[in-house]
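In terms of our numbering, the sequence shown is residues 240 to 373.
No lab work stands behind these hints: they were computed from the structure. Fair warning: there could be bad hints in the mix.
Per label pair, the in silico range of CB-to-CB distance [claimed, not checked]:
hint : residue 1 : residue 2 : range
1    : Ile304    : Glu360    : 55 to 61 Å
2    : Asn279    : Glu314    : 32 to 38 Å
3    : Gly364    : Gly327    : 25 to 31 Å
Bear in mind the structure is a predicted one, so any value in this text is a computation, not a measurement. Virtual Cβ for every residue (Gly too), placed ideally from N, Cα, C.
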Amino acid sequence: MISIKLSCTETLIVTRLDRLARSVVHLAQLAKRFEKEKINLVVLDQHIDTHTSTGRLMFNMLAAIAEFENDLRTERQVEGITKAKDKGVRFGRPPKVKDKAKQEIYEKRTSGVSIGQLAKEYNVGPASRRFHDQ
Numbered sequence: 240m241i242s243i244k245l246s247c248t249e250t251l252i253v254t255r256l257d258r259l260a261r262s263v264v265h266l267a268q269l270a271k272r273f274e275k276e277k278i279n280l281v282v283l284d285q286h287i288d289t290h291t292s293t294g295r296l297m298f299n300m301l302a303a304i305a306e307f308e309n310d311l312r313t314e315r316q317v318e319g320i321t322k323a324k325d326k327g328v329r330f331g332r333p334p335k336v337k338d339k340a341k342q343e344i345y346e347k348r349t350s351g352v353s354i355g356q357l358a359k360e361y362n363v364g365p366a367s368r369r370f371h372d373q
């Protein structure tokens, strides 16, 4: 949400439309608020001035295009992550405990060795979720 008091402003100036809102729905809400409070919106990079009917038309068209671009970017990102995972790319940091040690940890834990002792031995914090899952 906009952190300034718009009621004391006649014109809100932003450089790009996507700096103002992330979705058409949010942009529409802002447009209604601006209209209700008689606030003019000027978008410098897209040459939009909502004080004019052409500016209002451009504002709504560019808002839809901006959301479309964000959706495309998200789809490409998800597609890229999926392809990387299919190729075996691992995301996140490497595991502290290697596969070979997992069985050792399990055996020691079932034989009564405390989590604290195992954590020190394998250099893993006792609160580590990864450690408890081993």
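(request) With 55 to 61 Å as the target window, see if Ile304 and Glu360 comply at their CB atoms. (result) holds (58 Å)
(request) Can you let me know if the beta-carbon spacing of Asn279 and Glu314 is within 32 to 38 Å? (result) Between Asn279 and Glu314, where Cβ atoms are some 35 Å apart, the hint holds.
(request) Confirm or reject the claim that Gly364 and Gly327 have a C-beta distance inside 25 to 31 Å. (result) holds (28 Å)
In summary, the structure agrees with every hint in the numbered list given earlier.
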